[in-house]
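A.B. asks: Each chain, written out:
Protein chains: 2
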Amino acid sequence: MIGVEEAAARLRKAERVLILSHQFPDGDTLGCASALCRGLRRMGKRAAIRCSDQIGPKYDFLFRGLPDDEFEPDLVAAVDIADEKLLGEPLESEWGGKIDLCIDHHPSNTLYAAETCLNPKAAATCEIIFDLLRELKAEITPDIAAPLYTGITTDTGCFKYINVTPRTYRIAADLVETGIDAPTINREMFDTKSRARLDMERRVLDSIGYDCGGRVAVIVISRQMVRESGAREDDLDGLATIPRGIEGVIVGVTLREKEDGAWKVSLRAHDPANASEICEKFGGGGHKGAAGCTLNLPLAEAKEQMLRAVREYLKPRL
Amino acid sequence: MIGVEEAAARLRKAERVLILSHQFPDGDTLGCASALCRGLRRMGKRAAIRCSDQIGPKYDFLFRGLPDDEFEPDLVAAVDIADEKLLGEPLESEWGGKIDLCIDHHPSNTLYAAETCLNPKAAATCEIIFDLLRELKAEITPDIAAPLYTGITTDTGCFKYINVTPRTYRIAADLVETGIDAPTINREMFDTKSRARLDMERRVLDSIGYDCGGRVAVIVISRQMVRESGAREDDLDGLATIPRGIEGVIVGVTLREKEDGAWKVSLRAHDPANASEICEKFGGGGHKGAAGCTLNLPLAEAKEQMLRAVREYLKPRL
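For the protein sequence lines, the chains are A and B, in the order given. Using full-length UniProt numbering, read the first sequence as starting at 1 and increasing by one per residue. Using full-length UniProt numbering, read the second sequence as starting at 1 and increasing by one per residue.
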């Protein structure tokens, strides 16, 4: 493992840097790639970005004014990639085992790269890229600040998650000071929903059931609902948090139908409930706040078994 | 108008400070009151908080460990109150014309107090209270930091709105550094919904209609929907932003039934549409991004007239 100073030294020596983002790219891996690419080019180096998956239109703005380039790299850098497998195909076949430098914030990083600059305290890898660009004495211009802000805001749910530190806010202050349009970035990242997503929300809200006098809420995500709404996997993100977010609810249950017809249960719990203890009864597990298990039963039975277990669990605790 | 130094000097001289919050209290006015009251008490002064309306359970935590006090004040301070009318009854009758010091960030402040410490650049009045407590050399302890953070996060939609400045982030950094549980505050403020609210969302999503190939989305909020869901006025906050937040939509239309049966139309628009220009055709108005008008017609006709106007407006512009 190396620090930011050493990582900067490696980049300073390189002339042609290829930057790799992870598959199913998100705001952080793409924000890192865009900001680092722009910073290196400004220093007179050649730099280009590669990703195994197509990048959604939501992130187009990160690559505006950043034409692609083709070259034989003298340094291959992976940004926000915890495991080489997450390069996905075709990048894994092409670059697996050949990553010179990995810059990441995941504590689970497998240290697959020749050198790894890891800071698990960073809320987003974009925080580390910010430090790196400062170390490289690259000016943080608005076109660099916008992707860095994008990575930070998406990895923190707009400064909402537990990973946010004082430093996260201070970096955001410096980025916003460059004059970027952070409100528009946040609106695009958080307040724009696809029609399919909204249709899934409608179907999920239609499915809500309550139990234990409103202490328990249950939603269902069936394959039919997904099919009929036309939702893609990323349209389903966060739906499982809906039940627990209801006033008075301490156990939120989401039943999602798997390809084989079994039901994957996601349990979210507040004090005094422990989601993991409930799921363990069905051979599952997880954490206090969030746990899961699988029930190979028809929906009505899966729901009833789950509710019976939750009722029994809550009875002595309320 | 006076600066933070002078406001601090006034407070330093006072011995018994009564702090007033505005009616329909929000996180900012209550956060200010809680933080200021705690700070002044820590300085050995007597301080108490008054509000015309009952404070919702959501804000209970702001007043934990802050027992009430009764005294004849030698200084009456209004926090986050732009106009004396916003004191509401009974406070307006009791303290109208007798406010010694107003601390506020609303540019529309009517300067009703004997002295006003106004900073319209502050995203929340809590930013000014933060400066004031610093000026007073009051230590920003976690029980003071939590209400200040609450005011800032609620008035900025969790750092999402256009009023956020670099200073907002820097103050948040200092507050979070005291060790407060900001993720829980944000979850309570933003991610907890009443059953009635969720039921309204379900009904509104059921009502969605599209026009102009998905460029226009329409939702309906009828009196029946409100009645059947049991929603209160604050459960309806922000529903009108749903249509414009849909991918591809440039004009979002919300039809809300008024008490007299007429339909209040809220239009939200993105470039190249101008909401105000469309509403002007019906005698309404507003801004480019958000405007309104009223149609005294049955729902089907009101919707059709509105859609016809939007279609005609968009035709030459797309």
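Watch out, some of these pointers could steer you wrong.
No distinction is drawn between identical chains; accordingly, a pair holds when it is met within one copy or between any pair of copies.
[As the list claims (entries may be wrong)] Straight-line Cα separation of at most 35 Å, DSBU-like style, residue types lysine-lysine; simulated pairs:
| hint | residue 1 | residue 2 |
| --- | --- | --- |
| 1 | Lys137 | Lys13 |
| 2 | Lys121 | Lys13 |
| 3 | Lys137 | Lys315 |
| 4 | Lys193 | Lys315 |
| 5 | Lys58 | Lys315 |
| 6 | Lys58 | Lys98 |
Everything labelled a hint here was simulated from the structure, so no lab data went into it.
A.B. asks: Hint by hint, which ones does this structure get wrong, listed from lowest number up?
C.D. replies: Hint 3 contradicted; others consistent.
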